[in-house]
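S.K.: Read off the chains here:
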Amino acid sequence: MIEKKEVLWLANLAKLELSDSELDEMTREMEEIVGFAGQVATAAAGTEEYRGVITEAEALRGDDIGASSTQEAVLSNVGGGENGYFPVKRRRHDAR
Amino acid sequence: MPGKIKKYSEMLRSKSISSVELTTAYLDEIERSNGKYNAFVSVDGDRALEYAKKADELIARGEGGALTGIPYGVKANICEKGVVTDCCSKILTGYRPTYDAAVIEKLNAALAVPLGKNNMDEFAMGSSTETSAHGAALNPVNTAYVPGGSSGGGAAAVRAGLATFALGSDTGGSIRQPAAFTGTVGLKPTYGAVSRYGLIAYGSSLDQIGPIAASVSDAAAVYDAISGWDKRDMTSSPLSRSASDKLTGNVKNLRIGYLKEYFEGIDPEVKQTVESAFGFYEKEGAVLKEVSLPALKEALPAYYIIACAEASSNLGRYDGIRYGYRATDYDSIDEMIKKTRSLGFGKEVKRRIMLGTYVLSAGYFDAYYKKALRVRESVAAAMNELFGAVDVLIAPVSPTTAFPLNYTSANIIETYMADFCTVPVNIAGVPAVSIPAGESSAGLPVGMQLIGAKFTEDVILNAAYAFENSFPVKTDMGVTI
Chain W
16 MIEKKEVLWL
26 ANLAKLELSD
36 SELDEMTREM
46 EEIVGFAGQV
56 ATAAAGTEEY
66 RGVITEAEAL
76 RGDDIGASST
86 QEAVLSNVGG
96 GENGYFPVKR
106 RRHDAR
Chain R
73 MPGKIKKYSE
83 MLRSKSISSV
93 ELTTAYLDEI
103 ERSNGKYNAF
113 VSVDGDRALE
123 YAKKADELIA
133 RGEGGALTGI
143 PYGVKANICE
153 KGVVTDCCSK
163 ILTGYRPTYD
173 AAVIEKLNAA
183 LAVPLGKNNM
193 DEFAMGSSTE
203 TSAHGAALNP
213 VNTAYVPGGS
223 SGGGAAAVRA
233 GLATFALGSD
243 TGGSIRQPAA
253 FTGTVGLKPT
263 YGAVSRYGLI
273 AYGSSLDQIG
283 PIAASVSDAA
293 AVYDAISGWD
303 KRDMTSSPLS
313 RSASDKLTGN
323 VKNLRIGYLK
333 EYFEGIDPEV
343 KQTVESAFGF
353 YEKEGAVLKE
363 VSLPALKEAL
373 PAYYIIACAE
383 ASSNLGRYDG
393 IRYGYRATDY
403 DSIDEMIKKT
413 RSLGFGKEVK
423 RRIMLGTYVL
433 SAGYFDAYYK
443 KALRVRESVA
453 AAMNELFGAV
463 DVLIAPVSPT
473 TAFPLNYTSA
483 NIIETYMADF
493 CTVPVNIAGV
503 PAVSIPAGES
513 SAGLPVGMQL
523 IGAKFTEDVI
533 LNAAYAFENS
543 FPVKTDMGVT
553 I
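Listed in order, the protein sequences are those of chains W and R.
Numbers in this note's numbering are just positions in the first sequence, counted from 1, shifted up by 15.
Numbers in this note's numbering are just positions in the second sequence, counted from 1, shifted up by 72.
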């Protein structure tokens, strides 16, 4: 049984905000979805430890440093940024 | 079937058409018809024609390859430098990547012609392309139905003749199911065969980029062009093999298994249509037998636990600080981040983030996430063991034909359960191709899946190629050059 306070706790962990009506809806949906996912608990399969996605080829490479993104490129999605920073107002009414 | 890519390539080389003319034909058709299907969410005609012009120059010098000058669509979660790539989500509004995805680098080097971004379910989470922030895509076969998802825009574009092929991505069926719903060909390669560098992540241990195309040979040509090891993707593999040169249509002595569990509880017309392919393959000299994989039933909840766990981590980066949408009404940074995410993500994305957070949280981690990983190992091991006895598995792609519009949002769990045919393939990391097998009595396409062992794209594509003429992709819409 999923309770609203658990849903609120999860939402906080996930940095999501839910209105009262959204909380009601999400609680109902989580109950259904977790019930569906919970079928793994009784799964007969599943005694071997997971080995990982790639088992056929070596995943690691030598520690050679290559090109990286420039600061200019990385700041391009915030109009160039400010002195190399991503400027974010602390509060809605701040000038900057 | 020669396919469009080979046909166009020959026409371009013999100068009976130029890439600029071909691209213009596609751009004109998109202008005429895209509004009906919403297959493309953005198109850059000038950019496309620039590529087409360079392609023509390359061809005039006697250079270039199979995909030079060929117009295609790109799913909106695959990065193209400087091109808005928003995963059809409000939270990535206006995001322009600062680099090209590895697959785009390869297609750019080949001078294929990118037409624009194809519609998709938000962050690839969905089975209908209805969760897109740009509005739903519609199925060109019948616009009262969805084209499937999450690569529904690309599948719709190919079926409607608005692109020669499209790049999609498949985490739990998102290439194969839209291909089945629209009557096109969709290939999910082996995990690791195609670099994920530049694919905006949903479930990193499951995601793969692959082609949606109008023929098996087209899909093979695109796969050959985009596959290969990439040092920037640590899950990329050097073991992929070419497929285009292995399309003989000869399936004599091919061992084909049909999974008992896949044919239970599905629409009778889908069952009958896929089963009718058994007779075809037997006539061609293949050997068919029934096989069983009881662990399949657990694959579906295990998939949702793993995919959502990974998604909750991957989507943690969207906080409004460095790109995309940022909320404006807040009194602290923490509030800004929460408001940005709450207003920026759609409902389905939030549901999956919440499930992922739940299964990774203390107290539930062992029972859900760790157990799901063990189930994954069992399913993968069992499937790989099956490939000791058979070369190819034949299966439906979806238990039904295309859903009507608005069905999925009212039936969340039923929609998740409709993934049971596609998801085990992603869990096991093996390749699978969806090809048209027939039509329902309502005229909706029925797809069939051919699944192979890891890195046997050549085998499954050849088996698909053998069957293809029995029910070829219809190329009666859009650009019919």
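Think of the hints as simulated: they come from the structure by calculation, not from any bench.
These numbers were taken from a predicted model, which means no experiment stands behind them.
Take the hints with a grain of salt, since some may be wrong.
Taking lysine to aspartate or glutamate and the DMTMM-like style, the derived pairs with C-alpha atoms no more than 25 Å apart in a straight line are [unchecked claim]:
1) W/19 <-> R/486
2) W/104 <-> R/406
3) R/411 <-> W/109
S.K.: Indicate, hint by hint, whether the structure satisfies it.
M.R.: Here is how each hint holds up against the structure:
| no. | hint | verdict |
| --- | --- | --- |
| 1 | W/19 <-> R/486 | holds, 24 Å |
| 2 | W/104 <-> R/406 | holds, 12 Å |
| 3 | R/411 <-> W/109 | holds, 17 Å |
Every hint, counting from the list given before, is met by this structure.
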